[in-house]
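*Asks:* Here's the letter readout for the chains.
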Amino acid sequence: MNQEHTQQKTTIVLFSGELDKAIAAFIIANGAAAYDHEVTIFFTFWGLNTLRKEELVRTNKGVLEKAFGWMMPRGPQKLALSKMNFAGLGPQMIKHVMKKHNALSLPQLIELAQEQGIKLVACTMTMDLLGLQQEEMMDGLEYAGVAAYLGDASQGKVNLFI
Amino acid sequence: MNQEHTQQKTTIVLFSGELDKAIAAFIIANGAAAYDHEVTIFFTFWGLNTLRKEELVRTNKGVLEKAFGWMMPRGPQKLALSKMNFAGLGPQMIKHVMKKHNALSLPQLIELAQEQGIKLVACTMTMDLLGLQQEEMMDGLEYAGVAAYLGDASQGKVNLFI
Amino acid sequence: MNQEHTQQKTTIVLFSGELDKAIAAFIIANGAAAYDHEVTIFFTFWGLNTLRKEELVRTNKGVLEKAFGWMMPRGPQKLALSKMNFAGLGPQMIKHVMKKHNALSLPQLIELAQEQGIKLVACTMTMDLLGLQQEEMMDGLEYAGVAAYLGDASQGKVNLFI
Numbered sequence: 000m001n002q003e004h005t006q007q008k009t010t011i012v013l014f015s016g017e018l019d020k021a022i023a024a025f026i027i028a029n030g031a032a033a034y035d036h037e038v039t040i041f042f043t044f045w046g047l048n049t050l051r052k053e054e055l056v057r058t059n060k061g062v063l064e065k066a067f068g069w070m071m072p073r074g075p076q077k078l079a080l081s082k083m084n085f086a087g088l089g090p091q092m093i094k095h096v097m098k099k100h101n102a103l104s105l106p107q108l109i110e111l112a113q114e115q116g117i118k119l120v121a122c123t124m125t126m127d128l129l130g131l132q133q134e135e136m137m138d139g140l141e142y143a144g145v146a147a148y149l150g151d152a153s154q155g156k157v158n159l160f161i
Numbered sequence: 000m001n002q003e004h005t006q007q008k009t010t011i012v013l014f015s016g017e018l019d020k021a022i023a024a025f026i027i028a029n030g031a032a033a034y035d036h037e038v039t040i041f042f043t044f045w046g047l048n049t050l051r052k053e054e055l056v057r058t059n060k061g062v063l064e065k066a067f068g069w070m071m072p073r074g075p076q077k078l079a080l081s082k083m084n085f086a087g088l089g090p091q092m093i094k095h096v097m098k099k100h101n102a103l104s105l106p107q108l109i110e111l112a113q114e115q116g117i118k119l120v121a122c123t124m125t126m127d128l129l130g131l132q133q134e135e136m137m138d139g140l141e142y143a144g145v146a147a148y149l150g151d152a153s154q155g156k157v158n159l160f161i
Numbered sequence: 000m001n002q003e004h005t006q007q008k009t010t011i012v013l014f015s016g017e018l019d020k021a022i023a024a025f026i027i028a029n030g031a032a033a034y035d036h037e038v039t040i041f042f043t044f045w046g047l048n049t050l051r052k053e054e055l056v057r058t059n060k061g062v063l064e065k066a067f068g069w070m071m072p073r074g075p076q077k078l079a080l081s082k083m084n085f086a087g088l089g090p091q092m093i094k095h096v097m098k099k100h101n102a103l104s105l106p107q108l109i110e111l112a113q114e115q116g117i118k119l120v121a122c123t124m125t126m127d128l129l130g131l132q133q134e135e136m137m138d139g140l141e142y143a144g145v146a147a148y149l150g151d152a153s154q155g156k157v158n159l160f161i
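Residue numbers (numbering that gives the first Met the number 0), protein chains in the order written: chain A, 0 to 161; chain B, 0 to 161; chain C, 0 to 161.
In short, the hints are calculated from the structure, not lab data.
Heads up, none of these hints are tricks.
Which copy is meant is left open, so a pair is good if it fits within one copy or across any two.
Result set (EDC-like, lysine to aspartate or glutamate): computed pairs, CA atoms no more than 20 angstroms apart in a straight line:
| id | residue 1 | residue 2 |
| --- | --- | --- |
| 1 | K8 | D151 |
| 2 | K65 | D127 |
| 3 | K77 | E54 |
| 4 | K8 | E141 |
This is chain A alone, in the form it adopts within the complex:
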């Protein structure tokens, strides 16, 4: 029996674009990787914003796609909370207590995920819909569709949609 058969697979679809849900996704993913699971996070719809570069990247887009690009947050530092956002005060409070308790911030959790070899996959179909282009996204991502996700998930036992 080789390693292939014994290593657990874990997948997370990150659909939501909120700070608290992204933190939960990366804490579970990093925990699973620490227990030697092979982990994939598949980013789709608003979850894709977690992976955007913070700086504005010049791209050649249609008007609607530009509008989506402007309205959506650029990267992990810009995400709102799903509850008690209070026009941006809530995320500051959460970031403050996380630092106080020595919890890793979302950018640090993403870095740790990449160090642990967690596959970060951006859904190409929803990137098209929202007009996101690869130059706007952080480095080290894979780009794939729902077939790739199902390939991983159907070999896993812990498959979450967040």
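With chain A's structure known, arrange chains B and C on it following the hints.
*Replies:* Leaving out everything else, chains B and C in the frame of chain A:
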């Protein structure tokens, strides 16, 4: 070893009543069915609105149930977005870019699901609570409770709650 | 083959703090327990509010933690709906129709879960972040981190994130 044992089962609970989440659910479900999984989508709470007929159906209901019926969207064309809804502008934008990119619309995704033999199950307990009656729902559905869902899910590996 | 190998494991992460999602989580959990699954609900972030005592408990906290404590609902009776909350009218409507249809209320569903031996686990890391202390939480809970959750989930087939 017969077909029974080799066919993967995939289940999705669609709890949410938003357009973007319903689209994600049906894209994953149709993808899994294309890979020959046996797929069930179990619609509960607000997810049930995805399956309502667009036209007003006359029913005999209590006042509260009537109130729920009026306030909830009737069918896939009327769902809002979970983000950037902008009083209905967001869904129009999404529908526009989906058409532009030749992506299937939600009504088309539902039709494809039915053609592929995906089981669409409406949760009878929450239909009772929200006062929804079978005459208000689209054709070709099954009606069952949480026991039926668990029967399918406990044989599956990809079990999502959306 | 002993019981260990044949009993199904089912886990739910309850991240959300809304009445309707908590009801859905406990209906699925109680259903699974009735079918003899070994069930764990892991409460994290806003889901922790489901387990708070209704009465105000005096604790010694920092200012930010006190602020979170004041702003978050205390216990199952105080949760809002994810949709159609209407400043608290929605939850009253749902509670009313649930009583009318003889459905168990959320506090009753929690009690049933405890009677059926469902493990209710509060996430210690997010309790720290939100400043929640064990004295504020209902009796009969376990306290653990993401490692404990992954231990259970990786032996289960039905693993949901709600």
